[in-house]
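**Student:** Sequence:
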Amino acid sequence: MAAESGSAPGSVLRHPATAPLAVFVAGAAGACYLYGTDPHEPGHLLPQCPFRLVTGLLCPACGGTRMVYDLMHGHFSAAWQDNRLLLLASPFALALLGRWAIEGLRGRRWRPELGRVAQALVLVVAVVWTVVRNLH
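For the sequence shown, numbering that gives the first Met the number 0 puts the final residue at 135, and the numbers step up evenly by one.
By construction, these hints were calculated from the structure, which means they are not laboratory data.
Among these hints, one or two may not hold up.
[Stated by the list, open to error] Simulated restraints, written as ranges between beta carbons of each label pair:
{"hint": "1", "residue 1": "P41", "residue 2": "R108", "range": "37 to 45 Å"}
{"hint": "2", "residue 1": "P46", "residue 2": "L122", "range": "20 to 28 Å"}
{"hint": "3", "residue 1": "L104", "residue 2": "Y34", "range": "36 to 44 Å"}
{"hint": "4", "residue 1": "C48", "residue 2": "H72", "range": "16 to 24 Å"}
The beta carbon of each residue, even a glycine, is placed where N, CA and C say it ideally should be.
Just need the whole structure built from these sequences, with the hints factored in.
**Tutor:** Here it is, written out as structure tokens:
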């Protein structure tokens, strides 16, 4: 009977809203920790970029943690200096997360799809950004 009513164990985990809401909760928890933790100062429990650890070079997302911290504290010019490309891409990423959550809450699964041209464009922009920011 429980399986018929949709209350079977695990049915909540399969609901289309579970994954986007879990991402939102994890992001909110990370943001709460980051708000009081200045990533510009050493000695905090913050992840390091594996690409930079291995190569010594900045990846396309390097500076993202500092950028979010600066945005949360109203330091917009500092956020721009931390990672311009990521700052410009953030509204699009947040819109995708919002759409994913809304569709999930409506009971529908949603997956954005990028065509081959869009995928190539994202890759080229990321590579060019990585080269440009490591020239300095």
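**Student:** Work down the list of hints and note, for each, if the structure agrees.
**Tutor:** Now for the hints, and whether the structure bears them out:
1. P41 - R108: 37 to 45 Å: 42 Å, holds
2. P46 - L122: 20 to 28 Å: 23 Å, holds
3. L104 - Y34: 36 to 44 Å: Once the Cβ atoms are compared, 26 Å apart, the range 36 to 44 Å for Y34 and L104 is violated.
4. C48 - H72: 16 to 24 Å: Distance hint for C48, H72 holds at roughly 21 Å.
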